[in-house]
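First to last, the protein sequences are chains S, X and U. Taking my numbering, the leading residue of the first sequence gets 5, the next gets one more, and so forth. Taking my numbering, the leading residue of the second sequence gets -11, the next gets one more, and so forth. Taking my numbering, the leading residue of the third sequence gets 10, the next gets one more, and so forth.
FYI, nobody ran anything at the bench for these hints, they're computed from the structure. None of these values were measured; they are calculated from a predicted model. The beta carbon of each residue, even a glycine, is placed where N, CA and C say it ideally should be. Take the hints with a grain of salt, since some may be wrong.
Unchecked claim - Simulated DEER-style distance windows between Cβ atoms:
no.	chain 1	residue 1	chain 2	residue 2	range
1	S	Asp189	X	Asp229	39 to 45 angstroms
2	X	Glu155	U	Lys27	48 to 54 angstroms
3	U	Asp32	X	Asp40	31 to 37 angstroms
What the hints assert, rightly or not - The list that follows gives simulated cross-link-like pairs (lysine to aspartate or glutamate, EDC-like), each with its CA atoms no further than 20 angstroms apart:
no.	chain 1	residue 1	chain 2	residue 2
4	X	Lys220	S	Glu136
5	S	Lys304	X	Glu239
6	X	Lys212	S	Glu136
7	U	Lys27	X	Glu56
8	S	Lys304	U	Glu165
9	S	Lys212	X	Glu239
10	X	Lys244	S	Glu160
11	X	Lys219	S	Glu137
12	S	Lys276	X	Asp251
13	S	Lys25	X	Glu152
14	X	Lys172	S	Glu216
15	X	Lys244	S	Asp321
16	X	Lys220	S	Asp133
17	S	Lys212	U	Glu165
18	X	Lys227	S	Asp56
19	X	Lys220	S	Asp135
Said to hold, decoys possible - Pulled a few chain U residues facing chain X out of the computed Cβ check, cut under 7 angstroms:
no.	residue
20	His28
21	Ile33
22	Phe66
23	Glu70
24	Glu74
25	Met124
If you want the building blocks of each chain, they are given just below.
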Amino acid sequence: METKSRDLWVYIEVQEDGSPKNVGIELLNPGRRMADKQGGALTAVIIGCGVDKAVREASRHGADRIIVAESDDFKEYNTDAYAYALTSLVEKYGPESMLIGATGNGRDLAPRVSCRLKTGLTADCTALDIDEETGNVAWTRPAFGGNLMATILCPERRPQIGTVRPGVFKKPTPAEGAAEIIREDVRLPAGCIRTQVLGFLRDVSAGKVDLENAEIIVSGGRGVGGPAGFAPVRELAEALGGEVGASRAAVDSGWISHAHQVGQTGKTVGPKLYFACGISGAIQHLAGMTGSDVVVAVNKDPSAPIFGVADYGVVGDLFEVLPVLTEEIRKIRG
Amino acid sequence: MNILVCVKQVPDTTEIKIDPVKNTLIRDGVPSILNPFDGYALEAAARIKDEDPSTRIIVLTMGPPQAEKVLRECLSIAADAAYLVSGRTFGGSDTLATSYILYNAIKKVEEREGPFDAIFCGKQAIDGDTAQVGPEIAEHLGYPQVTYALEAFRKDNMLEVHRETDEGVQIVGVKTPCVMTFTKPAWEPRYPTISRKRAAHRAEIPVLGDDAFPDIDTAMIGLKGSPTRVKKTFVPQRKKDGLMLRGESGEAAARKLCALLRDAGVI
Amino acid sequence: MKDHIREKRYHIEIIPPKHNTDDIEADLELFREKYLRVIESGYCVCLTDNAMGRMAFQGHETIAELGLPVPPEQVMIHLNTFHSKKHLDEVLDSLRDMGVKYLLVVSGDGGPRMMRLEPKDIGAEGAATVTSVELLRYIRDKYPAFVTGVAFNPYEPADFEFKKLERKIAAGASFIVTQPLLGKNETVDELLRRYPDIPVIVEGWMTKKAWLLSDVVGYEIPTDADYDPIATLRELVRLYPNCGFYLSLLGFKTQYGLIGDIWS
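Isolated chain S (complex conformation) (with noise of 0.2 angstroms):
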């Protein structure tokens, strides 16, 4: 594709209530920064039905443009629909760059519309930056679960496309100034959407585990010596209102089901609070807490890795640190 303009495209997904998801917002941070690198405008492109508020936080957020494209057609996400109108969208405008929030929808749609534009897209980046020799965003971001970093770069096809993961950057401080909204009447072809949604089966399983959107979790790992040894630790996340994570060493023994998995094969988390209780540390775990705020470890060994990325640890056993330490906080809470 042909370039057209200078300008940094941010995708702002909508949620059902018309609101943006949080990555959307979070993206005009450095969308900001490269947009004025690039010596283009910062750009919103929204697509939905009814979605106002979307367009106001994103002019909020510093937007200098905003592109919406609206109609029945986009009430709800899919591929087909989405793919080709963000194409349509970008093929007419020419960006320079696009960012995309590495959520599930931006995950099904970013390789769908940088395949159909041959364009290069890299996933999942932890950090974005302007590489001075070229002018070209340096796209930072895991591979090998987590194990390595790389640093990719799409060299000569346009627009250069990247997804961003939730929470890597924050929002920008709201400013004055309104953004200038083009509204686009993007026509869907005859018999372009292929899937349906043909229902749903709201949360199923008992006591639905949501580690991802944790802001404390406790974690016990091999030291906490079987199912039992689960009770402190449990107890210490209700007293903090949070949710309990485990190791894989804890899962394959049995100990704790696989939705309370935290690590390469488990979920990744980025909460405010980490305990890792009885966790020596693994690469393959700290791959999948490292985005955490604050890190706590408890472990019987001094030497265990864990300590290496924690904020404050403590060389005891967890079974006396655990039960005292709950007490104390239900004292503070009342």
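For this one, chain S is given, so just place chains X and U on it according to the hints.
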């Protein structure tokens, strides 16, 4: 029904260690395995076959000659036939180039096996972690796609798919032919059987090499066909200089810790 | 099982071929040779269940594939909790149909890609997870013809281990197999004092690589430690005259010919 399952041989990333001196990955001695997500795709195909034994499952992989091992593994679990795509001109391909080669391979295999009603893939490979190849194959083929699939059921000329979303399990209908990428369901994939293992040991696996695709656009494969390139790689530094409490009784440490966390505004 | 001890019938471990073997035919042939040799010697074959978390074919599946004989007093199958319900029932049905009598029921070594029993699968809704105790109860209720035994780990805190053993016996276990002993063990001595009527089978570690047991025994065994499996077995036979012996990792080429004289 004909199902093609695209699989990849990957290093077992859970076994990868970091060389503390050189700060690089130690890849020697790391076992190669079938990408676990591709295993879920194969299991999903096998479940369709459980319901309709006339279903045929073909597996395909692109890789070096030793990638043949994962094809034999798939044969020992549920696949009926396997093809290996392997050639020097394919090396150095990024996801766009890889998906293009696989698209050509799928068309080639269809000449022998007949058209595929569905292409199943794992949602991502645990080495690249991009989750791009599946949807890109769908784009080259011009087929509809369903991602994050857990299980698929055949309903006339459609597939009804249960897929994972943040809100729960969504049920989607998609016409065949289509592409589907699979994530981990609530069950573990089935194991190989001894008799299938013995047959897999003897099976002939055709290799589609550099000459297999006379009409392929060579500008779209290998390094030349890859819009993205790796500028550098590095092992992430995770070290923190934390505050350590040691040599205390568990009780004393717990109280100190609580006070510290409280003062820091963490709790 | 008491007869096994009286008749000095060794229990000999054979590990079925692994799922990821590169040469299934060679592995099957080796299995067949070992199996038939143990049967011919009058000993008892013990087939492991994904030992050390390494995925392998099941004992009964290998027996069936090779059409091997199953004399009920000469075959013991290990069974752990890392199976789906469907798979577990298939295994138990097959074992029952082929006339297997003895099962060693253990919690087992899990692994990342293994299936697992959930408490509700086997009517154990009260339990947090499935251990050998819940599995024993299930087998006693649904497959009462099997004679079940359990593991005893003298390297765990004794209190803890004896309590677990009580629960296992209450759930139907009627014989015990210990972890590998490297010599006299006071906890095993205590076990024999407390349970004089239950057959106890002592495990002998038959490979020179004693350091592999470091995790089991809870202390570091140096890799250059001079460990003599045959001498150790001789010592164990002398120390525990009322016990049976289970030989793991036995060298069929170099050691098999020597064991007959040690316990006779």
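Results of checking the hints against the structure:
A hinted range of 39 to 45 angstroms for the beta carbons of S:Asp189 and X:Asp229 is inconsistent with their spacing of about 57 angstroms. Restraint check, X:Glu155 to U:Lys27: a C-beta distance of roughly 41 angstroms breaks the suggested window 48 to 54 angstroms. A beta carbon spacing of about 34 angstroms between U:Asp32 and X:Asp40 agrees with the range 31 to 37 angstroms that was offered as a hint. About 15 angstroms separates the Cα atoms of X:Lys220 and S:Glu136, which keeps this hinted pair within 20 angstroms; it holds.
Restraint check: the Cα-Cα separation between S:Lys304 and X:Glu239 comes to about 14 angstroms, which is no more than 20 angstroms; the hinted pair holds. Distance restraint check for X:Lys212 and S:Glu136: the Cα-Cα separation of roughly 24 angstroms exceeds the 20 angstroms cut-off, and the hinted pair is therefore not satisfied. For the proposed pair U:Lys27 and X:Glu56, the alpha carbon gap of about 18 angstroms is at most 20 angstroms, so the pair holds. For the hint pairing S:Lys304 with U:Glu165, the CA-to-CA distance comes to about 18 angstroms; that is within 20 angstroms, so the pair holds.
For the hint pairing S:Lys212 with X:Glu239, the CA-to-CA distance comes to about 33 angstroms; that exceeds 20 angstroms, so the pair is violated. A C-alpha spacing of about 57 angstroms is found between X:Lys244 and S:Glu160, which places the hinted pair above 20 angstroms, so the restraint is violated. In summary, the hint linking X:Lys219 to S:Glu137 is supported, as the alpha carbons are separated by about 12 angstroms, within the 20 angstroms threshold. At most 20 angstroms may separate the alpha-carbon atoms for a hinted pair to count; S:Lys276 and X:Asp251 meet this at roughly 15 angstroms.
Proximity of S:Lys25 to X:Glu152 is assessed by CA-CA distance (about 18 angstroms); at most 20 angstroms being required, the pair is judged to hold. For the proposed pair X:Lys172 and S:Glu216, the alpha carbon gap of about 16 angstroms is at most 20 angstroms, so the pair holds. Proximity of X:Lys244 to S:Asp321 is assessed by CA-CA distance (about 15 angstroms); at most 20 angstroms being required, the pair is judged to hold. A hinted pair counts as satisfied when its Cα atoms are at most 20 angstroms apart, and X:Lys220 with S:Asp133 qualifies at roughly 14 angstroms.
Distance restraint check for S:Lys212 and U:Glu165: the Cα-Cα separation of roughly 35 angstroms exceeds the 20 angstroms cut-off, and the hinted pair is therefore not satisfied. For the proposed pair X:Lys227 and S:Asp56, the alpha carbon gap of about 44 angstroms is over 20 angstroms, so the pair is violated. Restraint check for X:Lys220 and S:Asp135: satisfied, since their Cα atoms lie roughly 12 angstroms apart, inside the 20 angstroms limit. Nearest Cβ of chain X to the Cβ of U:His28: about 6 angstroms, under the 7 angstroms cut. The hint holds.
The restraint placing U:Ile33 at the interface with chain X holds, with a minimum CB-CB distance near 5 angstroms, inside the 7 angstroms limit. A cut of 7 angstroms between beta carbons decides the hint on U:Phe66: the least distance to chain X is about 5 angstroms, and the hint holds. Using the Cβ-Cβ criterion of 7 angstroms, the hint placing U:Glu70 at the interface with chain X is satisfied: the shortest such distance is roughly 6 angstroms. Hint status for U:Glu74 relative to chain X: holds, with the closest Cβ pair at about 5 angstroms, below 7 angstroms.
Contact between U:Met124 and chain X, as hinted, is supported at the beta carbon level, the nearest pair being about 4 angstroms apart and thus within 7 angstroms.
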